[in-house]
Amino acid sequence: MSGSLWLIPILPVIGFLINGLLGSRMPKKAVSFIACGVVAVAFVLSGLAVIELAGMPAGQRYMENRLATWVPPVDAGGGAKGLAVDWLFTLDPLSAVMILIVTGVGLLIHIYSVGYMWEEPGYWRYFTYLNLFMAMMLTLVLGGSFAVMFVGWEGVGLCSYLLIGYFYWKPDCADAGRKAFITNRIGDLAFVIGTLTLFSYFGTLEFRPILHAVTTGQGPQWVLTVVALCLFGGACGKSAQIPLYVWLPDAMAGPTPVSALIHAATMVTAGVYMVCRLAPLYLAAPAALTVMACVGAATALFAATIGLAQDDIKKVLAYSTVSQLGYMFLAAGVGAFSGAIFHLTTHAFFKALLFLGSGAVIHALHHEQDMMKMGGLRKQLPTTYKVFLCGWVAIAGVPLTSGFFSKDEILWKAFQWSPVIWAVGAITAVLTAFYMTRLMGLTFWGKSRMDHHTEQHVHEVGPAMKWPLVILAGLALVGGFLSVPASLWHMPFTLEAWLEPVFNPATYAALGGTTGGAMGGDAAELAGHAEEAGSAAEYGLMLLMSLLAVLTMWFGFNLYDKTPEKAAAFKKRFAGVYNVLKNKYWVDEIYDALVIQNFYRLSRAAHWFDVSVVDGAVHLVRNLTVGFSYLSVFWDTWVVDGLVNLAGRTVRAGSGGLRKLQTGLLQSYASAMVFGLFVLICFYMYVS
Amino acid sequence: MIPTSHILVFSLALFTIGLIGVLTRRNAIIVMMGIELMLNSANINFIAFSQKLGDLAGQVFSIFTIVVAAGEVAVGLAIIISLYRNKDSINVDDMNIMKG
Amino acid sequence: MVFYVLASLAVVSAVMVITRRSAVHAALFLVLTFFCVAGIYVILSAEFLAAVQVLVYAGGIMVLFLFVIMLVPLEARQLRPPVRHVAGSLLLAGLLAASLISFFAAAKGPETGDGIQPLASGGGNIETVGLLLYQRYMLPFEIASVLLLVAMIGAVVLARKKV
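Residue numbers (the numbering used here), protein chains in the order written: chain A, 1 to 688; chain B, 1 to 100; chain C, 1 to 163.
The set of hints was computed from the structure by calculation and includes no laboratory data. Because the structure is a prediction, the values reported are computed rather than measured. It is possible that part of the hints are untrue.
Cross-link-like lysine to any residue pairs, in silico, SDA-like; alpha carbons within 20 Å at most [claimed, not checked]:
hint : chain 1 : residue 1 : chain 2 : residue 2
1    : A       : LYS447    : A       : MET372
2    : A       : LYS170    : A       : LYS379
3    : A       : LYS584    : A       : LEU308
4    : B       : LYS87     : C       : ALA87
5    : B       : LYS87     : A       : THR663
6    : B       : LYS99     : A       : LEU661
7    : A       : LYS373    : A       : ILE362
8    : C       : LYS108    : A       : LYS179
9    : A       : LYS584    : A       : ASP175
10   : A       : LYS386    : A       : TRP489
11   : C       : LYS108    : B       : VAL9
12   : B       : LYS99     : A       : GLY664
13   : A       : LYS379    : A       : GLU119
14   : A       : LYS373    : A       : ALA510
15   : C       : LYS108    : A       : VAL687
16   : A       : LYS179    : A       : ALA593
17   : B       : LYS87     : B       : ILE29
18   : B       : LYS99     : A       : THR663
19   : A       : LYS566    : A       : LEU547
20   : A       : LYS660    : C       : GLY88
21   : C       : LYS108    : B       : SER5
22   : A       : LYS28     : A       : ASP175
23   : A       : LYS566    : A       : GLY576
24   : A       : LYS660    : B       : LYS99
25   : A       : LYS660    : B       : SER5
26   : A       : LYS28     : A       : LYS170
27   : C       : LYS108    : B       : LYS99
28   : A       : LYS660    : C       : PRO73
29   : C       : LYS108    : B       : MET95
To list a few chain A residues with every Cβ distance to chain C over 10 Å, as calculated [to be verified]:
hint : residue
30   : GLY376
31   : LYS562
32   : PRO564
33   : LEU677
A virtual CB, placed ideally from N, CA and C, is assigned to each residue, including glycine.
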């Protein structure tokens, strides 16, 4: 299997090529079959690869597939190593988790899209982009070096741009696509700077040699910190963290399954994945970790508050996503990398479910996204309501659901690191429970606020949309059992133990040596530590969070289902705060005033500089040139041309005689031939 | 047994007559007939030497000459027809667009 | 004796070919020349060549000439004299002929008798010619057939209505 890892990303490429080149001429059924088929095969292959990986001894779970040379090694001279890049695909426990999420959730969303996009124009175009996205995302997570990862990194950015702007004839969508693309560019610049700095210090772009160098203490501390911060900047762009989060809420202009796949489950988690992939690097740069924890916590809280006051169902979910991504960075920042990946996994389940569910609602209401025009859908959309309930309890953190376990793991680690961070996380969790309850209340509970026409045409989803929802609902409920805290219940498999070798610096430090036999022991030792850590504080926090979540949900349910007028009065009373939240703290406006307008000003200044200074200099040079050229013309006309003309006239006079020979008449040429023959014969006779 | 020199003289006569035709006549068709005469005189030389030296290769070469001549006539006459269509004349001295 | 009769006839009719004003007459004299040359081939023990000469020249090529002459009815409109630069051309041709005769006279070829057998007259070498054509000269033979094909296509393309 390790020789055929490349098959996993190449399969969606095949689908992309077929649908992209021939899709416009194929029936919709064939397009959907190919698009879903290649993803399904990729999912099966991923499963086989992961099973093979699991069969290896813990600590040595690693496969690599060096496919071809991309940039051949160049001798930079002086013994320095030049840039050499291979198409290297690797599979370790971390990328194993990622490919299963990407292909699994991706497959469900592909199937859902068949139902959701059936009536939309450019059906084949949608699936072409979606397959390309899958290929790029798999390249990103399987890439064994920064270069290959960067291909995927930029590729998913491109697909995100294409899919946000899918309805390109609507200016909003096109603008949102551009915004996402440009905002990501800022992050990507930081990413490239970080990557190249690493290269200049370590002479390679591949993860394992770099991590080996880092863990064995090569490279100065400040370089590691700068690199870690730069790479985190890239992650901020891709994963929508402060200050680069603004693109993600706008990205909701794309089709809803795209929001589920790209802007909730997979692409936006690429930043988290990247940070976790480089866990030893970050552990060696604690300053960067602190920055990451603070940014993550700030984003989590900030986005959650905005989410409280949004009326657009997808905007609520978008800010919720930003907030949850902040949670993941918070986790990574406090050193709980496996918690980050665990939350990434459960988030992929319940957020994809919530987005797809909101898609079902939007679909049912003929593209109505304003929650103020919904309400009471519980009876009309029973299936959607039920799956939404599952997503709601999971994200709010009701005990035993997936969100409960993952948040708990993060919060416990955060508490050990700093109670302030823990407090921010806890407040965010409460806010999350509240805005999700508000979303449920406005959408499904209470009385209908739909207009009559829409209400008549509400319809439940078809089977292609229903089954992915049901499967995701199941995963959202039980997904948490992937990693039950050891203090609660000793499970044979936990995600934490599975991922531990990837994050353990000892794994990489031993790489240069003979074998990695020692790592298994280390892993067991660390697992043992985790077990010991179970304490009264942990149980207390767990209980506290469960209580808070349930109470918030109960409060919200009463408020929005039973007494919606109270909610309205509440809103009026805190109109000031409400407006700030509703307008998202005017961040977009502030960015516009601070960055975009100044950028325009700078452009105008540059234009002025161009017109007056640069052009002035150019004109001066021009005038000088013109003056000089008059002299040159004089010389040219009388001396150079004189000589040339003399030569020309001579040739012309000579050729005038010669051209008379060229009569164009057949028989004069024949005569010349005969004469030539005569001369030849005479010559032969004379010679012999 | 006819002396080879007599045959050569005969072929030379045919060749010269063909040559004069080619050089003097204005009518392109007759110019081509002159060319045919010259080719025939060449064939006669081949045959004469083939007979004298007892080597049949000369006859084979004559056959190739005839083949080439047939092709040449076909293409040449086609050119004459197309010239006639375009210039309404088959006089060789009317065709002087290559004049320098 | 027959050779000299045929040769004189051929030369006379060749002269007629290039001197007749009418192209049809010229073509008919050309046929006569070809027949005479075919007869000379027989005398020179090249019976196969004689047959080919009659078939290809007197049959094929002459028919082509006559077709073209009929397609190009210019006789009546011929205003200029049919010949040009007669004196100069004669002088040139004479010079060439004289130089060739002196060249041949000076040349020394292999004589019969020292190992070289002239062909026996009276036929019987057609089979040998055929064997030569299909064995030793196989490749030139095939190339010649391709040449004919090319010439045929070229002629068709050139003589089409719209060029």
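Hint check:
1. A:LYS447 with A:MET372: holds, 11 Å
2. A:LYS170 with A:LYS379: The hint is violated at about 34 Å.
3. A:LYS584 with A:LEU308: Holds, because 10 Å separates the two Cα atoms, which is no more than 20 Å.
4. B:LYS87 with C:ALA87: violated, 29 Å
5. B:LYS87 with A:THR663: holds, 18 Å
6. B:LYS99 with A:LEU661: Holds: B:LYS99 and A:LEU661 sit about 9 Å apart, inside 20 Å.
7. A:LYS373 with A:ILE362: holds, 11 Å
8. C:LYS108 with A:LYS179: The hint is violated at about 97 Å.
9. A:LYS584 with A:ASP175: holds, 18 Å
10. A:LYS386 with A:TRP489: violated, 29 Å
11. C:LYS108 with B:VAL9: holds, 16 Å
12. B:LYS99 with A:GLY664: holds, 4 Å
13. A:LYS379 with A:GLU119: violated, 26 Å
14. A:LYS373 with A:ALA510: Cα-Cα ~60 Å, so violated.
15. C:LYS108 with A:VAL687: holds, 15 Å
16. A:LYS179 with A:ALA593: It holds: about 16 Å lies between the C-alpha atoms, which stays within 20 Å.
17. B:LYS87 with B:ILE29: Since the Cα atoms of B:LYS87 and B:ILE29 sit roughly 15 Å apart, the hinted pair holds (cutoff 20 Å).
18. B:LYS99 with A:THR663: holds, 5 Å
19. A:LYS566 with A:LEU547: Cα-Cα ~23 Å, so violated.
20. A:LYS660 with C:GLY88: With a Cα-Cα distance of about 18 Å, the restraint between A:LYS660 and C:GLY88 holds, given a limit of 20 Å.
21. C:LYS108 with B:SER5: holds, 12 Å
22. A:LYS28 with A:ASP175: Violated: A:LYS28 and A:ASP175 sit about 29 Å apart, past 20 Å.
23. A:LYS566 with A:GLY576: holds, 17 Å
24. A:LYS660 with B:LYS99: Distance ~8 Å between A:LYS660 and B:LYS99 Cα, so the pair holds.
25. A:LYS660 with B:SER5: violated, 42 Å
26. A:LYS28 with A:LYS170: Status violated; Cα separation ~24 Å.
27. C:LYS108 with B:LYS99: violated, 44 Å
28. A:LYS660 with C:PRO73: violated, 33 Å
29. C:LYS108 with B:MET95: violated, 44 Å
30. GLY376: holds, 80 Å
31. LYS562: Since the minimum Cβ distance to chain C is about 92 Å, A:LYS562 lies beyond 10 Å and the statement holds.
32. PRO564: Consistent with the label, A:PRO564 stays out of reach of chain C, its closest Cβ about 86 Å off (over 10 Å).
33. LEU677: violated, 6 Å
Violated hints, listed in ascending order, are 2, 4, 8, 10, 13, 14, 19, 22, 25, 26, 27, 28, 29, 33; each of the other numbered hints is respected by the structure.
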